[in-house]
Amino acid sequence: MKFLQKMVKKVVNDLSKYTIKQVEEFFAQGQVTEEFLAACAQDSRKAMGTLVRRYQREQQDRLRVSELYSYEREFWAKGCDLVAGVDEAGRGPLAGPVSVAAVILPYELYLPKINDSKKISAKVREELYDEIMAKAVAVKAVFVDAKTIDRVNIYQATINGMYESIFGLEQEPQAVLIDAVKLENLNVPSLSIIKGDAKSASIAAASIIAKVNRDRLMDEYDKKYPEYGFAHHKGYGTAEHIAALRQYGPCPIHRKSFEPIRSMVDVSMQIPY
75 MKFLQKMVKK VVNDLSKYTI KQVEEFFAQG QVTEEFLAAC AQDSRKAMGT LVRRYQREQQ
135 DRLRVSELYS YEREFWAKGC DLVAGVDEAG RGPLAGPVSV AAVILPYELY LPKINDSKKI
195 SAKVREELYD EIMAKAVAVK AVFVDAKTID RVNIYQATIN GMYESIFGLE QEPQAVLIDA
255 VKLENLNVPS LSIIKGDAKS ASIAAASIIA KVNRDRLMDE YDKKYPEYGF AHHKGYGTAE
315 HIAALRQYGP CPIHRKSFEP IRSMVDVSMQ IPY
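In my numbering, the protein residues as written are 75 to 347.
Honestly, the hints are just simulated from the structure, not real lab data. Note that this is a predicted model, so its numbers are computed, not measured. Each hint should be verified, as a subset may be incorrect.
[Unchecked claim] Simulated pairs of lysine-lysine, DSSO-like, Cα-Cα distance not exceeding 27 Å:
id	residue 1	residue 2
1	Lys120	Lys187
2	Lys256	Lys221
3	Lys209	Lys152
4	Lys256	Lys193
5	Lys192	Lys256
6	Lys221	Lys297
7	Lys193	Lys120
8	Lys209	Lys193
9	Lys330	Lys197
10	Lys209	Lys187
11	Lys330	Lys192
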């Protein structure tokens, strides 16, 4: 540590002697003092300015992500080391399952750009998905299919999926954070948070797992039922999807209790496919 500090001080005294790659390594080692950052900011090289801005953006994102652990910290302070976040994806579509996930993250894990899955790009979701799966203490993801949704309704299907994901975690959680809905039958403390996927890192992680899993599944369904365009709209009621429904009728993964499908078929009859 002292050696690195001496090296940083040496770099600051004559920054021009060091290549951009060498300076980048100092940033990567985390030995960034205010003096070092100021020297880099004053350097005339364009690439140096890029390094400084990138570092500043990362620091801002680290602060933002740290704030997303406020609910987790409340439980950690009470001795609940394993806090699960739970969320769903796909309550609103006309086709496909509702996807649910429960995730337990390690203490203060920094996941760059983590947020409500709806607020980040598909590319970032995929990157975060891989990192969450690699670094989480435990992850459990489930699907509740369209037939079950039609039988019990979408709200109850979501609740059932949340319980299944929580109880299916390899490590039993000591507390649970839930996006929006309340789960009355847990045997551990829990907290329901409105828009929790934008307020809790654990819930945000669960929303990403649920969203990516569902999108991948709908891409597979697109290959099986190409006439509906599932790869484009993921089962949501877009104009393209409604037009396909009117032309071809519903397929086996459509939710027949949802409008306008409900008006197209008699849900009390078995529909031949």
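Each hint, compared with the structure:
1. Lys120 / Lys187: holds (25 Å)
2. Lys256 / Lys221: Holds - the C-alpha atoms of Lys221 and Lys256 are around 24 Å apart, at most 27 Å.
3. Lys209 / Lys152: holds (24 Å)
4. Lys256 / Lys193: At roughly 23 Å apart (the allowed maximum being 27 Å), Lys193 and Lys256 satisfy the hint.
5. Lys192 / Lys256: Holds: Lys192 and Lys256 sit about 21 Å apart, inside 27 Å.
6. Lys221 / Lys297: OK: Lys221 and Lys297 at ~20 Å, within 27 Å.
7. Lys193 / Lys120: Distance ~31 Å between Lys193 and Lys120 Cα, so the pair is violated.
8. Lys209 / Lys193: Satisfied, since the Cα-Cα distance of roughly 22 Å is no more than 27 Å.
9. Lys330 / Lys197: Given that 27 Å is the threshold and the Cα spacing comes to 32 Å, the pair is violated.
10. Lys209 / Lys187: Cα-Cα ~15 Å, so holds.
11. Lys330 / Lys192: holds (26 Å)
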